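2 protein chains.
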Amino acid sequence: MSADSLSVLPTPSLLVDQQLMAANIQRMNQQLEQLGAPLRPHLKTCKNIEIARAMLAGHPGGCTVSTLAEADYFFEHGIDDVLYAVGIAPGKLAAVADRIKAGMKLSIILDQEATAEAVVEAARHHDCRFQVLLEIDADGARAGFVPDEPELLNAAMKLQNGGVDVAGVMVHAGGSYACLSHEAIKAMAETERQSAVKAAEHLRSQGLDCPVISVGSTPTALRAGTLVGVTEVRAGVYVFQDLVMAGLGVCREKDIAVSVLTEVIGHRKSRGEVLIDAGWMALSRDRGTASQDRDRGYGLVRDSDGTDLGEIIVRATNQEHGIVGLADGSALNLADFPIGRRLRVLPNHACATAGQHSGYWLTNPIDAPRKLKRCHGW
Amino acid sequence: MSADSLSVLPTPSLLVDQQLMAANIQRMNQQLEQLGAPLRPHLKTCKNIEIARAMLAGHPGGCTVSTLAEADYFFEHGIDDVLYAVGIAPGKLAAVADRIKAGMKLSIILDQEATAEAVVEAARHHDCRFQVLLEIDADGARAGFVPDEPELLNAAMKLQNGGVDVAGVMVHAGGSYACLSHEAIKAMAETERQSAVKAAEHLRSQGLDCPVISVGSTPTALRAGTLVGVTEVRAGVYVFQDLVMAGLGVCREKDIAVSVLTEVIGHRKSRGEVLIDAGWMALSRDRGTASQDRDRGYGLVRDSDGTDLGEIIVRATNQEHGIVGLADGSALNLADFPIGRRLRVLPNHACATAGQHSGYWLTNPIDAPRKLKRCHGW
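Going down the list, the protein sequences come from chains A and B. Under our numbering, the residues of the first sequence are numbered 1 to 378, in order. Under our numbering, the residues of the second sequence are numbered 379 to 756, in order.
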């Protein structure tokens, strides 16, 4: 996109640098090719079909989603193999059955015996063959069966005996987001892999097929040393990367492909701060870097073309206002930030910031502004 | 809405209790009637025309918005007097001129001499008569001319001499959100009023008409002791209220009219916590109560019909998962929260939570589910 285009786009707007995105996709593909595991990309970050197709190229074609709205959107655009990777709510089983009957190859996950019972009941009620992955807990961070406890096998047997396909196991090591070193992330990746493989072996030893062993997160996928036994990797943030990922060391700041275009609307002279027209509605309230070594407030500020301006951050936000200043608390030279100057803000968390927008403006190397839509809601 | 309806709506969904909303609207109307100032409701909270009409009833008919997308949406639905209450970005002046030419009575605000110069230039370039309110700083919280400094008069004169209408002054005492007592909010309301009135008197003494004196926020509007001199009050959150407002004492928790309907999807037995299908995408990342006496995490949990369940909060969130537990850290009795049970979550900040959704499901007293749409974006 030419500098002229960046000066006429509405603000705030979400930008995607296509060259950086392509490099991020290539890097993940190379890593997984080396380790011999295909990708089932998580599309909750991009929520757009063109970007999804770029992520899927060279992989089997299945995707991961976080909402049924995403499942519908991607199915309408030709992706029929969809893993809905949030523990299924019994209240959604009728909707899942509708989609399976419409031809979607939709898999669901669960980590509770009670949910397994609800799925069995729904399978009978809707006369529908559900495909289930059993979620395994690797790190105590959120969800999953504890592999050694009897509930896992109980649930699997209830499903199988109730006419539900136990397609396999899945693990998400969300704890990798709190790791402080490359080595810790690599170790977490191995924990994630082993948890999944051992759970699958346990189920197989009891006579269940359990063909799918699904693991992943962007940090563990990029740092894994081996993926032996794994049949698919899930990751989504890698397509854009963000400041949290940079803080974890799994990308560089200059790899971040998504940003918010904004304009200077005011000066706070007494504080050496600048007001911009991007607040939490445009940036999100995500403060993911607050717990990292370098707290980037609500985002790191760059020139409108992406040029590094140093440690300038969005210190605070209101609904449609951002307050920009130096990260060390000293005063900005306001003469460098005249009213009307355009800037871009790199996000703490790509999923959260992108989630605030209805679409992306593509930059680098598009000269004519073109907007990609995102799907939205549940 | 019947209990049956609450059991079949998709989750997560945004609910609005119509009786509570009507009571909130009535309370604000009574307060302003007593003080003799009309309302120019801020529609950035509701972003819906039906709710806007309920807020506008009995008032002059003008509204306040935080984006040009809101201005367009409400104009399309018949509201033509619109104050866009974010310091205007020079890059938006062409869009503002287009709307004025289309018949919208659109006012803008500014607090910089440089912006005044840009408005004068745009007025000439687009041959458009802009209506400007000068933003005044009452509390150092965000934006506004400092009343005693020469920039205010300089900007006003530049505008007037450049063929731009200086319609008046506006103040938003955002600092009221940090007040710790009724008395402090009342004092802040008086500071807000005096700042606006004094600035207008100063401008009038220099020969400017300055007919509009616009002040407001939900806390200051509800606590003001006098509004002498004020010509209009702006407030928006009051229509729903939220936990931050309850924490400030300007409403009760049982007045909160907006909530997120969610379903239990998992148990974390070792921690006495419950997983729900509402994460930060449905609740927002807003942590507005974190700095108040009672930190409510990502929201306060109620039964699906709104019944008080005590101090149960959403402790943590991922994109589509919420982790629910007792506020004091002790373990929940998980038997009380079976898989599939529905709950609702009261939000920290109504604007932020509602901003995550495309619409509202109306409850109390509607028996048949009906959804109101929200406008979105910029």
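One should not assume that every hint holds.
[Stated by the list, open to error] One side of the interface only, derived from the structure: several residues of chain B facing chain A at Cβ under 7 Å:
hint, residue
1, Thr493
2, Pro528
3, Gly733
Simulated from the structure, these hints should not be mistaken for laboratory data. All figures in this text were calculated on a predicted structure; none of them were measured in a lab. We put the CB at the ideal spot given by N, CA and C, even for glycine.
(message) For the restraint on Gly733 (chain B), tell me whether the closest CB of chain A is nearer than 7 Å.
(response) holds, 6 Å
(message) Checking hints one by one. Is Pro528 (chain B) an interface residue toward chain A, by the C-beta closer than 7 Å rule?
(response) violated, 13 Å
(request) With a cut-off of 7 Å on the beta carbons, see whether Thr493 (chain B) makes it to chain A. (result) For Thr493 (chain B), the interface hint holds, since the closest Cβ of chain A sits about 5 Å away, which is under 7 Å.
Violated hints amount to a single one, hint 2; each of the other numbered hints is respected by the structure.
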